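Student: Chain by chain, the residues run as shown.
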Amino acid sequence: MNNTHSQYFLLYASCIPVKGISRSSIYDIQRNCLRLIPNLIYDVIKDAENRTAGELKKKYNNEYDKEIDIFFEELIEDELGFFTDTPKLFPKLSLAWESSSQISNAIIEIKEKSELNYNSIFSQLDDLGCTSIELRFTGSPTIDFIEHILTACNRSRIVSISMILPYADQFQIDNISYLSSKNLRVNKIIIHSAKENKKISNNYMVAKIYYTTNQLRNSSCGQICKENLIINSDLFRESQKYNSCLNKKVTITENGDIKNCPSFKKKFSNIKVKKLKEAITDAKFQELWHIRKDDINICKSCEFRYSCMDCRAYTQDPKNRYSKPLKCSYDPKTMSW
Amino acid sequence: MEETSEELKSILGEEALKNLPITIQLMKKMKMNEDPNSIMAFFNSDFHGSDMHHDAGQYKPISTIHNE
Ligand code: SF4
Ligand code: SF4
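Chains as they are written, first to last, in numbering that gives the first Met the number 0: chain A, 0 to 336; chain B, 0 to 67.
Chain A with its partners taken away, still in its complex shape (with noise of 0.2 angstroms):
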């Protein structure tokens, strides 16, 4: 390592150092995983931006030389680094984010022998740019109805479509692997208040399907553990600036109240005497979408906070916008889960 003495470290631009209360995280947005590390190397990272390792290592007076060069090695051994002559020649990635849809994605409560147009909501969602969408079922929908409503999304712009379902005996497996390999758009199939839990999932299908014996209701969502930390470049640089769930999201119940989430009570009129696209240019309704998770309080130090969702709806402190989400048992003081 001594002929590195007159070079730079820097971590690969996709390596983006996050520093936390007491533990920072090395988010790899190119193979979408995250390192954990020490504040003690987050800050050796750092200082080692604008300064050659020899001038490093003196300013923590060569006492620190050896162990220095052990965080380097192991950080090149790890494919998050590299030292350099040149930094100049390696900038920063830029972390904006932007999209061309006014919606991005769309939970829609759906229920047999509803009054509500589902073609005329799939063709606004479809003018708005929304290309992911989440369909709850009540009641006990049939087989012949959920295909219905799939085809009515077949000429748009849906490229992902998740459905959750109420447990009813024609949902064998074979009746609901028919219907996924039917529909390709379809990519996760939850059926709840099952009589057993399982997962199902092959090279053949496109969907993912899961019994769970557990009731889902609108109060089951939020839900924020280590398991679903999704660790990607459109998370981390849509977080910076935006609600990780809420942005570019809207819902429409199955009465058709126009709402940001299901669980708000809060409405913005409904669909069958507002368009959606005027609905959702309401400054009130995009408000929501700008609160970060640096914003938030105990998120704000939290090492994993650009690949968590939020949860607006269900907080600690209901009163205080800034609450941290109620779900999430994560202490990034103690770093426990």
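Hint data in this document are derived by calculation from the structure and do not stem from the laboratory.
The model shown is predicted, which means the values in this text are computed figures rather than measured ones.
All C-beta atoms, glycine included, are put in the ideal place defined by N, C-alpha and C.
Each statement offered as a hint is correct.
Here are the simulated lysine to aspartate or glutamate pairs, EDC-like style, with alpha carbons at most 16 angstroms apart:
(1) K197/A with E67/B
(2) K207/A with E67/B
(3) K240/A with D293/A
Pulled from the structure, derived: some chain A residues nowhere near chain B, Cβ distances all over 10 angstroms:
(4) H4
(5) Y11
(6) S13
(7) Q29
(8) D84
(9) P90
(10) E111
(11) I142
(12) S180
(13) I297
(14) D316
(15) R320
Take the given structure of chain A and dock chain B with the ligands to it, following the hints.
Tutor: Chain B with the ligands only, in chain A's frame:
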């Protein structure tokens, strides 16, 4: 660095801070490893994010109503 040293000082006490090599200070601070000679412990904790959403052109779940 200043801030971190202060943080360590408050956790370990000034004397310990002077005598311990930095790797051991870190070990103690992080309470992560039984073997204080191994710096590797810091590099063992990796998180691979949930991958189920990427493959279908979606980069995040629409809701968190169900945990996989
Ligand atoms: S705000 Fe909370 S309850 Fe609403 S969709 Fe997001 S995670 Fe679910
Ligand atoms: S504390 Fe906040 S930022 Fe950290 S994991 Fe929980 S919800 Fe996410």
